[in-house]
Every structure is written in C-alpha cells, then in structure tokens.
Amino acid sequence: MTDSGASACPAVEFHDVTVAYGRRPVLWNIDLVIKAPGLFGILGPNGAGKSTLLKAALGLVPLVGGRVTLFGRPLAEVRSRIGYVPQRETVDWDFPVNVMDVVLMGTYARLGWWRRPGAAERDRARAALERVGLVDLAGRQIGRLSGGQQQRVFLARALAQDAELYFLDEPLAGVDVRSQERIFRVLDDLRREGRLVVVVHHDLRTAADWFDGAALVDMRLVAAGPTAAVLTPENLRRTYAGHIDVLDELGRAVERGGRTA
Amino acid sequence: MTIDTAASMWGEFSAMHAWAIATAAVVAAGCALVGTLLVVRRMSLLGDAISHAVLPGIAVAVLAGGRPGGLLVLVGAVAAALVTVLLVQVLRREGGLADDAGTGVVFTTLFALGVVIITAAASRIDLDPGCILYGILELVPFDTVRVAGWEMPRAFLTGATVLMIVAAGLAATWKEQLFTAFDIDAARAVGLPVAAVTGGLLAATALVTVASFEAVGAILVVAMLVVPAATAELLVRRLHVMALVAMLLGVVAAVFGYLAAWRFDTSAAGMIAVVLGLEYVVAAIVAPEDGVVARVAARLALGWRVTCEDTLALLWRADEAGAGVAPQPFRSPGEWAAGLWLAASGRIAREAGRWGLTAIGRAEAETVVRSHRLWEAWLGRHADLPLDHLHPPAEWIEHHLGADLRRRIEADVGAEESDPHGRSIPREP
Amino acid sequence: MNSLAAIPYNTLVVAVAVAVVGFASGVVGCFGVLRRRALAGDAAAHATLAGVVAAFVVTGRRDLPTLLVGAFVAAMASLGCLVVIRRFTRTRDDAATALVLSVSFGIGIVLLSGLSARGIPGAGGLEQFLLGHTAALTATDAITLAVVSAAVVLVVWAGLKEATLVSFDPAFAAATGWPVAVIDYALVALVAAMVVVGLPAAGAVLVTALVVIPPVAARQWTDRVPTMLILAGVIGLVAAVGGVAASAAVPRLATGPTIVLVASGLFAVSFFCAPERGWFARRRGV
Chain A
1 MTDSGASACP AVEFHDVTVA YGRRPVLWNI DLVIKAPGLF GILGPNGAGK
51 STLLKAALGL VPLVGGRVTL FGRPLAEVRS RIGYVPQRET VDWDFPVNVM
101 DVVLMGTYAR LGWWRRPGAA ERDRARAALE RVGLVDLAGR QIGRLSGGQQ
151 QRVFLARALA QDAELYFLDE PLAGVDVRSQ ERIFRVLDDL RREGRLVVVV
201 HHDLRTAADW FDGAALVDMR LVAAGPTAAV LTPENLRRTY AGHIDVLDEL
251 GRAVERGGRT A
Chain B
1 MTIDTAASMW GEFSAMHAWA IATAAVVAAG CALVGTLLVV RRMSLLGDAI
51 SHAVLPGIAV AVLAGGRPGG LLVLVGAVAA ALVTVLLVQV LRREGGLADD
101 AGTGVVFTTL FALGVVIITA AASRIDLDPG CILYGILELV PFDTVRVAGW
151 EMPRAFLTGA TVLMIVAAGL AATWKEQLFT AFDIDAARAV GLPVAAVTGG
201 LLAATALVTV ASFEAVGAIL VVAMLVVPAA TAELLVRRLH VMALVAMLLG
251 VVAAVFGYLA AWRFDTSAAG MIAVVLGLEY VVAAIVAPED GVVARVAARL
301 ALGWRVTCED TLALLWRADE AGAGVAPQPF RSPGEWAAGL WLAASGRIAR
351 EAGRWGLTAI GRAEAETVVR SHRLWEAWLG RHADLPLDHL HPPAEWIEHH
401 LGADLRRRIE ADVGAEESDP HGRSIPREP
Chain C
1 MNSLAAIPYN TLVVAVAVAV VGFASGVVGC FGVLRRRALA GDAAAHATLA
51 GVVAAFVVTG RRDLPTLLVG AFVAAMASLG CLVVIRRFTR TRDDAATALV
101 LSVSFGIGIV LLSGLSARGI PGAGGLEQFL LGHTAALTAT DAITLAVVSA
151 AVVLVVWAGL KEATLVSFDP AFAAATGWPV AVIDYALVAL VAAMVVVGLP
201 AAGAVLVTAL VVIPPVAARQ WTDRVPTMLI LAGVIGLVAA VGGVAASAAV
251 PRLATGPTIV LVASGLFAVS FFCAPERGWF ARRRGV
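Protein chains in written order, with the numbering used here: chain A, 1 to 261; chain B, 1 to 429; chain C, 1 to 286.
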C-alpha cells in the first residue's frame, strides 16, 4: 500500500504557518519540512504550541496564514494515509465503550458512512491490540485501564488506521515505564517499515535517544533538523529562556488590532 | 386562576399597577444581585434547577398550613433548594454523574413532584399550576398586609425584605464571595470557609426565587436571575459594578415589561422576560469592547490604518530606492480614500507630477519601515526561517509594534544597523 | 375529552404511540447525555411553547402536525441562538442555555396570554402543551407521533457508528475526515425533534426529562453504547406508558409530571441496584 511516489515529496511541509486562537496568534510563521521515514520529535516548553502545531497539520485548527502539505498534497486528499493519537485527557474515559470498540474506530474512516465494521475490521483491530500487548483486555471498559494502557489503546487505534504518517500528541504523558518501552518499540517498528512518526514530547532527556530528527518550538520554530544538531545548549537556551514575552505582547496587540507599548 | 382571567384584570392605570411594578422591581433587583454571582461562578443552571425545585418545598409548606409569601414557605423553599444541591452532589460523587445530567434528573423530578402534590391536593392548596409556571404579577396588589399604617401587597413586603436581607448578607461577605468566585481553590487554600460562602449564595438563590415565585413563576424567575447578569457581563468588567448594572437592568426590565404588558394586554411576567432578552441583544450589539458594533468598527479602523501606513511606507521605500522610480500608490478605492486623507492631513503632497512625503509623513513612514525591518531582524535571530520568508510576517507585524517594544527589540538584535536583507534600519524619530 | 378514553381503539392507539415516543426519546437522549449536553435540549423544549402558539396565530389552524412543526422551528431557532451566542459573545455556555430557555419561554407566555386575552376561539387548549395532556390525542395524531419517533430511532441506529465516534472523541473524528460539526448538529436536531414529539405527552416544561433521565438510568447498567441505547429506550417506554396509565386512572393528574416521576423511580432503582455501578454494589465492593 505504500506509494513509492511519496518519497519524492517531503511527508510533512509547513509553509509560513501562523495559527491563532480567536485572533491572538499562538504559533508564529512556522517553516518546517519533515521527511519519511523516521521518528521525529516536536519539543519545547509547556504552552509553546507543540500540540497546536500537530493540530494545524491535521486541519483541526484554522490557519491565519501559510499552508500545510502532506506528501506534497493538501490534507483532504491524503487523510486516509494519516494516523492520529490525541492527548489522553481530551476524551471522557467513563464513556461506555470497551477497548475493542475504541480500536475499531481506527477502521471507521475507510468504512465510510453507514457501514459497520465486519470480520476483516475485527481482525485488523485484534492485530493492532496484539502489537501493543492488550489483546487480553479487548472486552474491558476503557475507564478501568491504567494510564499507560489507555495510551496503548489509542496507539492501537492509530495502528488500525494502517497509515503512512502518524501524529502522536504527548503519547508518554503519565505513562508507566513498561508502557513507555512498549510504545517506543512499536514506534520504532513503524519507522523500520518506512513510515514517518511525528511525536509531541516534553521530556528532553529521552529525546536524544529516541528521535532521528527534532524541532524545538516556543511559539515560533527555534531550530529543526537531526536531533543531535538541534539539541545544542545554545538552541535549548533560546527555547527555554524564552523570547515569548515579545510574542506574547505582540499577540495581545494583534488581538486588539492595536499596537504594543 | 387561569391565564384568561389574569389577562382580563387589566384596567385603567392606578395605584394597583404602581404596587405591581414596585413588586416586580424589588424581586428583579434581588434576583439580579444573586444572579451575578451565579453567572460568574458558572452556576447558572443550578439557579435554573433551584427555581424549579423549590416547588415541592413550597407545596409541602402550604399543605402544612403556611401562607404563600409567609415564613414557613420561605423555609420550605430554602430546604428544597439545599436538597437539590445535595442530591446533585451525591449523584456526582456516588454515581459518577456529570453535573448537567445530575441536575437534569434532580430538578425535573422535584418539579414534577411539586406539580403532582399541588394537583393532588388542589382542594386544600390555593396554588394553580399555571401560576407556578408564569406567576400572576397582575394579581399581586390584591393580597395586601398592613405594616405601620401602610397598606402594601404581601408579595412586595416579602420581596423587599428578601432584597434587604440578601443585599446586606452579600455586601457583608462581598470580599469572600469575590475571592471564591474568582479562584475557589486559592480561597480554600487561604482558609476561607468556601462551603459556607457557597451555601450562603445558594440559600440567597432560594430566597430570591421563592420571593419572586408569586410574581413571575418558576421559569421566568430564571430570566430574572441569569439574563441581567449575563447582559451586565457584556458591558462592564468589575464584579461589583456588574452587580449594580445587573440590578439596574432588572429594575428597568420590570418597569418597561410591565408597562408593555399593560399596553399589549398580555402576561407581565412573560413580557419582563422578553424585555430582559431585548436588553441582552442590545448589549451584545453595542457593548464597548466585544459588541458587534465595536468589533466591526475596530476591524474597519485597523484596515484603514494599515492602508494609510502601507501607503506612507511605499512612498518612503521609493525614495530610498532612488530617483526615477515612480510608485503607484493608489490602485483601489480604499487606497484612493487613504491617499486623500493623507494629503488633506499634510502627510503627503504632490510635487513635480508625483506623490511624495512631507516631513510629518516621512517621520511616520520611517516608524513603519523601522518596525518592519526590526521585526525581520528579530525573526532572523530568534526563529528558524529562510531569508525569503521574513518579509510577509514583517509586513503584518509592522502595524502592531509600539515604540517601547521597538526599542527592546533593537537592544536585543544588537548594534546591527541593517536588517537581514542588508538594508539599513531607520532610527526612532 | 374523557369520553375519548371510553373508546378502546383510541386509548390503545394512544398508549402504543406514547410507548414508541418514550422509547425514541430514551434512545436519542443518550448522545446528549454522553456528549455532556444534557440540558441543551431543555432550552429547545421551553422554546417550543412560543412555536406552538405562533403556529396557531400564523396559520389559524390547531391540528397537531401544524402546531408541532411550529414547535420544531422554534426549537431549532433556540438552538441557533445558542450557537450564535457562543460564537459572538463572551457569555458562558451555561448562562446562555439558561438565558435562551427563560427568554424563549417568556415569549411563549406573552403570546399565549395575549391570545387568551383577545378571546380568540380555540386558543384555550394550547395551555395543555405546558404540562402535557395525552387524553386529547386523536388516533391519527398518535400515529403521526409514533411514525416520526420510529423514523428518528432508525436514523440514530443507522448512524450509530458515526454518532458514537463523534461523541467519544471529536478530535480524532475530525482528524480522520468526519464532518464533526454536521454530525453534532444532526444529533442536536434529532434531540429537538424528540422534544417536540414528546410535547403532547410530557409538556414543554418537563419533556426534557424524557431525553435525560432514561439515558442516565441506562448508563448505570451497561458499559456499551448499543446496550445503553436499547435500555434507555425501554426505560423511556415504561415511564411513558406508566405515566399515561397513572394519569388516566387518577383524576386531575397531569401526564407530564407523572411520566417524569415514573422515570425518576426507575432511575432511583438503577442508581442503587445496578451491578458494578450501583450504590449497593459499590458499597459492597469497596
């Protein structure tokens, strides 16, 4: 199913992307190219707009400027090739669905309107659950899982999408060590299968070991490239020491339609 | 008393109407005051729930011999309100029910219970299901009491007393109410009795609700609680100002709603709710910061400023590029209008067959170009952007940088006298 | 009107229709509750009164379908107001719901009261839409209600997969290309439709209980969406039929409150006795 033509274009390309909530910009002029295959980390402090960057790629937040292309095409044409793992806190874990129900949701896009998942979809979901080691818990209500297991359910759902490009939003937040290793083994397999995995991540200590490439983001793109070249002390200082006070003030002026002091 | 007879009570304007208006005004003021805190604390729907749920409390109190508007009925209503809140909390803690679902279950159940009690005991209770829903403000003046030689409607006395009690109670604890409303966790952390503060607010809600019951009924009292506060919130920012504005809006709606109902021969309570709704719509349109008018005006003003500044900057750059370049500054009607204004205000002038900057225009243009190039320099230093991507963001941001931030950026990008494209950055005029 | 109760055919038809309405309300209400928007339907419900009266004023007819079309238009308009308020003002969602609910009800009362004051023939009975009055239903009306309810249930069942996905994880649904806003509005419109259909039975003030209480009760018994839908439907059915029967047996007992109390009773049983989630089970478990 992998399209060899895809290699000609970068899998992900942000072209001068600016994103605003309301009218206040939260991400400024992002220019970023990510090539497949690989494991790519988006790093930065809290509130830096890392998740917003993913959402911009997935069309979940409106862009006030610039554009995103995936495999050289607009998002709408390539949606079926993209998998997504949202942040764990965004859903109600008391919702009356079990593990299998959630993983099957990964097959819905391909089923289209009205059709129900059949035996083929169930097989795919079960295979995905096997990869994350949760096949025994298929019938359990999702609220009765640990945080790490819940995160693996989300990963399994993305695997069931059988995509070429994966976006994961903080997949390791609040996850036990065992789940963490399991998740990274799966992501590593995906890379070896020739896919691109883009991960929003908050832990700099583990980033150097796991990611081939990385981007440092703090309301604007500070640096991007091979992980070792990006995670220099100078870049980290520029990311975490912050120049966002300038962007913050400006954002408020833009929101008002006025000027800063 | 059915809705037909209620409507036929209208006659010539008289002291009766004045008393009815006064009653509506005091209950509206009390509701608006309490409602302000409910709205900012996101407890509007709890107010809705309490206003429905006091019904069984009232019904039982009346069955036990209480008079509408009397002390026993007030106690019954407050008790029912507290039962509502407790039940919602129990459902959340013990059953894991979301607040909206729990509220929906509790208040519909209690209201239904109240209706059933009243209809089942109709022969012994002087309460009408219609009156419960929309009140009969028009009849309020006919049930009077004599206080210190004054003959006044019982509902007015109750409403005024409750208003005074609630206003005094909230005024005395305003600091605590404000702190709890703003940040309940911090309030708890510094040792405020948060439960008592919230409990007091809920008791106040029950009191104003039951005092309004006879006049406007269970559902329209929700309008009196929530709508003035929501309207005031659009108009002003500070909580105590918001409370005063809300009370004023409530009183205004009570007066004009009553008069409009008299004029059009219909339900006064319903009309008060409609006037409250109109007040909200007007506020949403004319509110100083977020109103529709203010937003459109701000957008137009920004567009105008951008066009003027772009025109000035265009002429400045043409000068910088040297002679022989004749810029085409006015290509659209908007740019023509801006050009006329700039010429009229002495910023540009026509000289030797082409447009040029005057001294004032030059200074303003330099500020714009300076902002533009400083921003390119800042981006070049702090953001990972290719050189040819610096211009579009600067074209946008040049209109939003102020003098203070320009100086800070200049200090930050260092002594560089030129932008990343190698062009010099004009000094601050 | 009580003479109608003497005709077994009519009573039977009304009972069956109310059962179908109760079932459909329970089913449709599930997604409102799961989406944490249980009370948005209440705003629509209170607005229906204005729609009923306005439909009578505009058309001069008082047959049930005409009045209910008016009610549905008003319900959708009130939900539209909620969307506009959320989009263009700072007003919080809960305040907006309370605002739309109470002001639209005020409009309804103003219209209803103004109509009665003018002594327009035929207007008096419109008051029955406040608290519900099934005895006035004709067999034809009842069949209409049942057919609409059944259609609503079929739509929900057909879109079960989509509705579940959007209710559980709207971000994932949007990222995988589903039109989340469209599905959301469709679900809200279905709730509005059921509120309108439930109006003759439960009345504007309490009809929201039909789309809230049965789903909340059903949730206590199961951890699966399809089971929850069926259970909520059954609970709604039992409440509706029980309420109608009780109000028919006891004079002067309005139908709406009675239906609500039966539903509340079923909720109480579910809250205490359900396995796993029930109060007793939790007490024993911990």
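No wet-lab data here; the hints were simulated from the structure.
These figures come from a predicted structure and were not determined experimentally.
Think of the CB as a built atom: it goes at the ideal place given N, C-alpha and C, for glycine as much as any other residue.
Certain hints may be false.
[Unchecked claim] Just so you have them, the derived chain A footprint on chain C, three or more residues with Cβ under 8 Å:
#: 1; stretch: 19–25
#: 2; stretch: 175–186
#: 3; stretch: 215–225
Going through the hints against the structure:
1. 19–25: violated (count 0)
2. 175–186: With 4 residues closer than 8 Å to chain A, the stretch 175–186 of chain C meets the three-residue bar; holds.
3. 215–225: holds (count 5)
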